[in-house]
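Asks: The lines below spell out each chain.
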Amino acid sequence: DTAVSQTPKYLVTQMGNDKSIKCEQNLGHDTMYWYKQDSKKFLKIMFSYNNKELIINETVPNRFSPKSPDKAHLNLHINSLELGDSAVYFCASSHRGYGYTFGSGTRLTVV
Amino acid sequence: GEDVEQSLFLSVREGDSSVINCTYTDSSSTYLYWYKQEPGAGLQLLTYIFSNMDMKQDQRLTVLLNKKDKHLSLRIADTQTGDSAIYFCAESSNDYKLSFGAGTTVTVRA
Numbered sequence: 081d082t083a084v085s086q087t088p089k090y091l092v093t094q095m096g097n098d099k100s101i102k103c104e105q106n107l108g109h110d111t112m113y114w115y116k117q118d119s120k121k122f123l124k125i126m127f128s129y130n131n132k133e134l135i136i137n138e139t140v141p142n143r144f145s146p147k148s149p150d151k152a153h154l155n156l157h158i159n160s161l162e163l164g165d166s167a168v169y170f171c172a173s174s175h176r177g178y179g180y181t182f183g184s185g186t187r188l189t190v191v
Numbered sequence: 297g298e299d300v301e302q303s304l305f306l307s308v309r310e311g312d313s314s315v316i317n318c319t320y321t322d323s324s325s326t327y328l329y330w331y332k333q334e335p336g337a338g339l340q341l342l343t344y345i346f347s348n349m350d351m352k353q354d355q356r357l358t359v360l361l362n363k364k365d366k367h368l369s370l371r372i373a374d375t376q377t378g379d380s381a382i383y384f385c386a387e388s389s390n391d392y393k394l395s396f397g398a399g400t401t402v403t404v405r406a
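Chains A and B are the protein sequences, given in the same order. Residue 81 is where the first sequence starts when you use my numbering, and the numbers rise one by one after that. Residue 297 is where the second sequence starts when you use my numbering, and the numbers rise one by one after that.
Hint data in this document are derived by calculation from the structure and do not stem from the laboratory. One or more of the hints may lead you astray.
What the hints assert, rightly or not - Dumping the calculated BS3-like pairs for lysine-lysine here, alpha-carbon to alpha-carbon at most 27 Å:
(1) A:Lys-89 with B:Lys-364
(2) B:Lys-332 with A:Lys-124
(3) B:Lys-366 with A:Lys-120
(4) B:Lys-363 with A:Lys-124
(5) B:Lys-352 with B:Lys-364
(6) B:Lys-393 with A:Lys-121
(7) A:Lys-89 with B:Lys-363
(8) A:Lys-102 with B:Lys-332
(9) A:Lys-116 with B:Lys-364
(10) A:Lys-147 with A:Lys-89
(11) A:Lys-120 with A:Lys-89
(12) B:Lys-332 with A:Lys-121
(13) B:Lys-393 with B:Lys-364
(14) A:Lys-99 with A:Lys-147
(15) B:Lys-332 with B:Lys-366
(16) B:Lys-352 with B:Lys-366
(17) A:Lys-89 with B:Lys-352
(18) A:Lys-124 with B:Lys-393
To be verified - A short list of chain B residues far from chain A (calculated; beta carbon distances all over 10 Å):
(19) Val-308
(20) Leu-339
(21) Ser-347
(22) Met-349
(23) Asp-354
(24) Asn-362
(25) Lys-364
(26) Ser-380
(27) Ser-389
By construction, the Cβ of each residue, glycine as well, lies at the ideal position given by its N, Cα and C atoms.
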């Protein structure tokens with residue numbers, strides 16, 4: 081069983097479109113995250129939810145909106161996609177700040 | 297990664313040891329991690345060390361932590377071609393956030 085699964089694995093879309101990425105964890109962790117990896121492989125946190133409550137919201141355009149319907153799910157919705165949004169987006173989870181586990185990533189390409 | 301720094305490239309001959317170094321600034325770091333990322337793949341947790349430890353060994357991997365100097369290293373013994381990847385150092389403290397270095401690209405040559 082995959083511990084942290086995210087879908088889709090690849091996403092190619094046109095500028096201006098709206099898209100969503102879904103993430104689910106079956107580890108019983110209390111915290112979930114979205115990280116962005118840019119073309120230089122640099123990893124930066126975007127959002128973090130602890131027990132469905134937003135606790136970290138780094139400087140991210142408000143076109144990005146996370147949603148956590150329950151502790152096991154954290155989705156990322158992106159409005160009005162731009163070329164600069166092209167990146168790999170990783171979902172992760174941890175329990176009380178320990179045991180970080182990452183999904184396999186979603187490669188988003190905006191054309 | 298402004299709080300976590302690591303050298304960007306390392307080239308090593310097959311069979312030799314690799315040493316990847318990392319420095320961090322947050323003195324309240326509780327755990328320090330090493331992740332491996334192969335081309336086109338996700339992040340694989342290799343090992344981690346709690347901040348009150350000096351050393352941890354796991355098969356071919358040895359992690360050394362110098363808390364005074366805020367310096368972390370990962371040694372890979374008997375480096376193989378399958379070890380070619382990007383290695384990320386990361387630290388977490390009580391703020392429920394994992395901060396990464398920029399990654400060290402390790403190339404293993406025959």
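Asks: Look at each hint and say if it fits the structure.
Replies: For each hint, the structure was consulted:
no.: 1; hint: A:Lys-89 with B:Lys-364; result: violated (41 Å)
no.: 2; hint: B:Lys-332 with A:Lys-124; result: holds (16 Å)
no.: 3; hint: B:Lys-366 with A:Lys-120; result: holds (25 Å)
no.: 4; hint: B:Lys-363 with A:Lys-124; result: holds (24 Å)
no.: 5; hint: B:Lys-352 with B:Lys-364; result: holds (17 Å)
no.: 6; hint: B:Lys-393 with A:Lys-121; result: holds (18 Å)
no.: 7; hint: A:Lys-89 with B:Lys-363; result: violated (38 Å)
no.: 8; hint: A:Lys-102 with B:Lys-332; result: holds (23 Å)
no.: 9; hint: A:Lys-116 with B:Lys-364; result: violated (31 Å)
no.: 10; hint: A:Lys-147 with A:Lys-89; result: holds (19 Å)
no.: 11; hint: A:Lys-120 with A:Lys-89; result: holds (19 Å)
no.: 12; hint: B:Lys-332 with A:Lys-121; result: holds (12 Å)
no.: 13; hint: B:Lys-393 with B:Lys-364; result: holds (22 Å)
no.: 14; hint: A:Lys-99 with A:Lys-147; result: holds (13 Å)
no.: 15; hint: B:Lys-332 with B:Lys-366; result: holds (21 Å)
no.: 16; hint: B:Lys-352 with B:Lys-366; result: holds (16 Å)
no.: 17; hint: A:Lys-89 with B:Lys-352; result: violated (34 Å)
no.: 18; hint: A:Lys-124 with B:Lys-393; result: holds (10 Å)
no.: 19; hint: Val-308; result: holds (19 Å)
no.: 20; hint: Leu-339; result: violated (4 Å)
no.: 21; hint: Ser-347; result: holds (12 Å)
no.: 22; hint: Met-349; result: holds (14 Å)
no.: 23; hint: Asp-354; result: holds (16 Å)
no.: 24; hint: Asn-362; result: holds (22 Å)
no.: 25; hint: Lys-364; result: holds (23 Å)
no.: 26; hint: Ser-380; result: holds (14 Å)
no.: 27; hint: Ser-389; result: violated (8 Å)
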